[in-house]
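Asker: Sequence lines, in order, name chains V and U.
Note that numbering that gives the first Met the number 0 has the first sequence beginning at 0, numbered continuously upward.
Note that numbering that gives the first Met the number 0 has the second sequence beginning at 0, numbered continuously upward.
Since the hints were made in silico from the structure, they are not lab data.
Incorrect hints may appear among the rest.
If chains are identical, the list can't say which one is meant, so a pair holds when it fits in one copy or spans any two.
[Claimed, not checked] With a straight-line Cα cutoff of 30 Å, these simulated BS3-like cross-link-like pairs (lysine-lysine) come out:
no., residue 1, residue 2
1, 51, 114
2, 22, 162
3, 158, 345
4, 6, 418
5, 345, 324
6, 136, 85
Residue strings, one per chain:
Number of protein chains: 2
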Amino acid sequence: MLENYSKPVQTALKKVKINVGDKISIKNGNELYEGLLMPRTELGDKDSIVVKLSSGYNIGVKYDKNMKITKLASKQDSKIELEKPKFDPKKPNVTIISTGGTIASKVEYKTGGVKAIENPQELLFNVPELKEIANIKFVKVLQKMSEDMDSIDWQDIAKAVVKELTLGNAVVITHGTDTMHYTAAALSFMLKDLHKPVIITGSQRSPDRGSSDAGMNLICAVHAALSDIGEVGVVMHGSTDDDYCNFNRGTRVRKMHSSRRDTFRTLGDTPIAQIYPDGKINILSSYRKKKDIKVSADTKFENKITLVKVYPGSDPDILNYYLKKGYKGIVIEGTGFGYVPTHARKSWIPTVKKISKKIPIVIVTQTLFGRVNSNVYEPLRILYHQTDAINGNDMLPEVALVKLGHILGHTKKLKEIKKLMTKNLVGEISERSTISD
Amino acid sequence: MLENYSKPVQTALKKVKINVGDKISIKNGNELYEGLLMPRTELGDKDSIVVKLSSGYNIGVKYDKNMKITKLASKQDSKIELEKPKFDPKKPNVTIISTGGTIASKVEYKTGGVKAIENPQELLFNVPELKEIANIKFVKVLQKMSEDMDSIDWQDIAKAVVKELTLGNAVVITHGTDTMHYTAAALSFMLKDLHKPVIITGSQRSPDRGSSDAGMNLICAVHAALSDIGEVGVVMHGSTDDDYCNFNRGTRVRKMHSSRRDTFRTLGDTPIAQIYPDGKINILSSYRKKKDIKVSADTKFENKITLVKVYPGSDPDILNYYLKKGYKGIVIEGTGFGYVPTHARKSWIPTVKKISKKIPIVIVTQTLFGRVNSNVYEPLRILYHQTDAINGNDMLPEVALVKLGHILGHTKKLKEIKKLMTKNLVGEISERSTISD
C-alpha cells in the first residue's frame, strides 16, 4: 500500500508501523499536520507524504529525515450499525429520496477516495438529529454523482416525488451538488400544480468527515420540507459558518464555487428564506404558499437541446452543426445585454436568422446577473427584431436550457415556444415593474 | 417620425407640437414621467408612448386621453464645439487609445438609439476634468462595439499600447464593456515584460447621458495610468455609487452584470486597488511595481480555439466536430471541481482521451469561483490521470481561452502547452500555499 512512496519514506513509515489509512501526525520544526495517511498516486512526488486533513483536503508534506512521524490511531474500517428508526405517530413523515452524490458517500480509507454508501439509512447514523424532527423514510432512486445525470434521471426523480407527496409525506431529495441547480430547474417545470415544498440538498464534503456540511444541510432541508413554502427549493449552507441555510428558489439558483459550502446562490433576487437548524425560518421574499392541491408529474422532455457561448472571434457555424445533428433548440449565452457578434468579421446574424426560422434560439446573458435588453443599441434591434431569436430576459443560462427542453417536450411550434419562453412560468423570469426592457 | 404610434397618440402629440427627440413630461394621476420622446418600433404596443428617462432607460407609458402631455424643450441636435487642449509641460502625458464601445458613443435623438462619436476628443467635452490631470492625446485604433472584436483587434491594440508606452506616455484604453475582460486578458499575455500600468475603461451608459458612468471611470483610469501599478487593469466603478473605481487585474476580472455600473468584478481575489476620482489610491493587494523596463508586443495568437460547456446529457461529439474543423485547442467548462460526465449514459471520457492526445483540452470550472481539483474523487482521477486533459486550476474560463490562443500561437507541442497552461504567467492562476489540490 505504500508502493508509490520513495524508499526513505517507506522505511520511515514502516519503522513506526504506519500504513495507509492510519491517523498520523507529522511534526517538522514549527509545522504540525494531523490526518489520515493517503496512498501516493503514481504521478506525485514520491518524497511527499500525503495526509488528508480533517478539513477533507489532502496536503503533501515533503519528507525530511528530521521530521517526527507518529501513529495516532489505526485504520478504521468502521462498520456502521444501522439502527431501525422507531415510528412516532406524533411526528410528521418525511421521505428522503436518495439520488447519490457526495452526501451519499464516504471516504474510503484504503484509497483516500470517496465511495458511495450502499444504504441511505447510513445518513441517520451520521445525522441522528433527523429522527428527532420526523419519521424518516428512505427511497433510493439513483446512485449517481450529479455530473453523470441527465433528463431521464430528472424524470425518475419527478415521478418519485409525486408518489411520495401523494402519500402525504414531505419530500427531501439528496443529490450531488454539481448539477443540483439543473435538477432543481427541471423539477420546477415538471412538477405540475406543485403547492408543496420539494427540497433538494446535498453536501460539499462527505457526511463522515468532521468538516462535513451534510448534517446541517439535511436538518435544514427537513425543516424546509415541513414549511409552508410550496415550491422547489435548493436548501444549502447560506454562509461559510454553520449558522443557517438558504431556501433558494429552484429556478434562480446556481452553483457558484467549486469547493465552498455556501456555493449555492440565488442570482438576481434574494433567497426565499433562511432556514436555521433549530427550525426557525426567516422569510426574505414572497413565495407560493402551501396548498392542498394534487400535484402531477409532467415529465415530457426534449433532450436534443444545447447551450452555446459566444466569445470574441467565435464562429456561428456551430449552429449549423447542431441543426444538422437534429437538435431541436439552442440557448446562446450572449455578451452583456444579450449580444452576438453582429458587425464582426464573423457575424452571427445571418446564421441566427436562418436557424431561428427552423428551431428556437433563446438568448441569455453570460454575465449571469442582469437581463437581456432587446432595444437600446442597434445591434440588439438587429438580433431581436430582424431574426427570430427569443429574448431570454433574466433567465439563468442553465435554467433557460432546461425550460427549453421542457417546452419542446410539449410543442414544436415556434410561435408557441416563443410565447412560453418569454413568459414567467415558475419564477424563472423576474418581474420588473413598468419599465420596458 | 411618429409613424408607428396609434392615431390617437399621434393626434395628442401633434396637438402640443411634440415630435420624436423633444423633451416632454407626461402626467397621469399620480404618475409623472420626464424624458425624451422616442420613436415607436414596429413591434411595440402602438398605444404606448416611449420615453427615455434620464436614467437612460426607456419606459412605455400607456396612452390615456386624460393624461397631460407637455413639451419641455425641443430636440437638441447639439453640435459639440471641440476645444483644442493646451499643452502644459508640468503635467504628465496620457494617451487615450480609443477602440469604440458605449464610452465612444452618444444617444442619437432621432432614433433613440446609440451612435458612435466620430472624434474621441468629444470625450474631453463631456469630461473636462481630464485636462486638469494630464495632457491628453487621443489615438483612435478602432471604432467597434466590443462584441464585434476578435484577436486581430487585440493585436492592433497591443501594438498601439507598446508604441505609446515607448514614447513615454501613460496609457488608457477606452473599450466596449461586453468583451473588455477578454481584451484585458489578451493584453496581459501579449505585452511582454510589462512593468507599467495599462488601463482599460469604458462605460455602461453613453457619456452624454446624465447618469453616465463614463466620466468617473475615465478620471479614475487616468489616475490609475499614472500610478506605480505595472499591470494591465480594468478600472471601472467599484460600487453603484459614484465613489470609487476598482483596479481589477486583467487576468482575474469578469463582466458580471448586463447593466449595473459596478459590473466588473475581480473573481477569487480582491481587486489590486480602489482608485478615487480625486486621485487617492487605496492598495488592497500585492502587484507588480512600475519599473523602467522596455515593453514589447508579442502578439502571436492561434484563433482556432473554442470554449465548450458541459451540462446534463451533453454530447461529447462536439469535440470531434471542433477537431475536424481544424481547431487547435479546446477549453471545457466542467462542473464543480472540473468534472465532465464520466459514468454517464454519454461519457465524455473516451472522446476527451482521444482528442486530448491530438490537441490540448483544458478544463476549468463553470462555477467561476473556486478551482479545479484533480484528485479527491474517482471521476476526477480518471479525467486528469487517464486522459491528457489539462487542469485549468482557478483560471476563469474566458482567461483560459485567451491564454490557450496565446500559448498555441507560440508552440503546438502538447507537453510544452501543458507546462505553460498550468504555470502562472501573469496572475491568471492564484497561488494556494502548500495545500495540494
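Asker: Each hint should be assessed against the structure and marked as holding or not.
Answerer: Hint check results:
1. Taking CA atoms no more than 30 Å apart as the test, residue 51 paired with residue 114 passes inside one copy only; the shortest distance there is 15 Å, against 59 Å between copies.
2. Taking the shortest alpha-carbon separations for residue 22 and residue 162, neither the intra-copy value of 45 Å nor the inter-copy value of 61 Å comes in at or below 30 Å.
3. Proximity of residue 158 to residue 345 under the C-alpha cut-off of 30 Å is restricted to the inter-copy arrangement: shortest distance 23 Å between copies versus 45 Å within a copy.
4. Proximity of residue 6 and residue 418 under a CA criterion of 30 Å is satisfied inter-copy only: 28 Å between copies versus 69 Å inside one chain copy.
5. Taking the shortest Cα distances, residue 345 and residue 324 sit within 30 Å of each other both inside one copy (22 Å) and across copies (16 Å).
6. Taking CA atoms no more than 30 Å apart as the test, residue 136 paired with residue 85 passes inside one copy only; the shortest distance there is 11 Å, against 81 Å between copies.
Violated hint: 2 only; the structure is consistent with all others.
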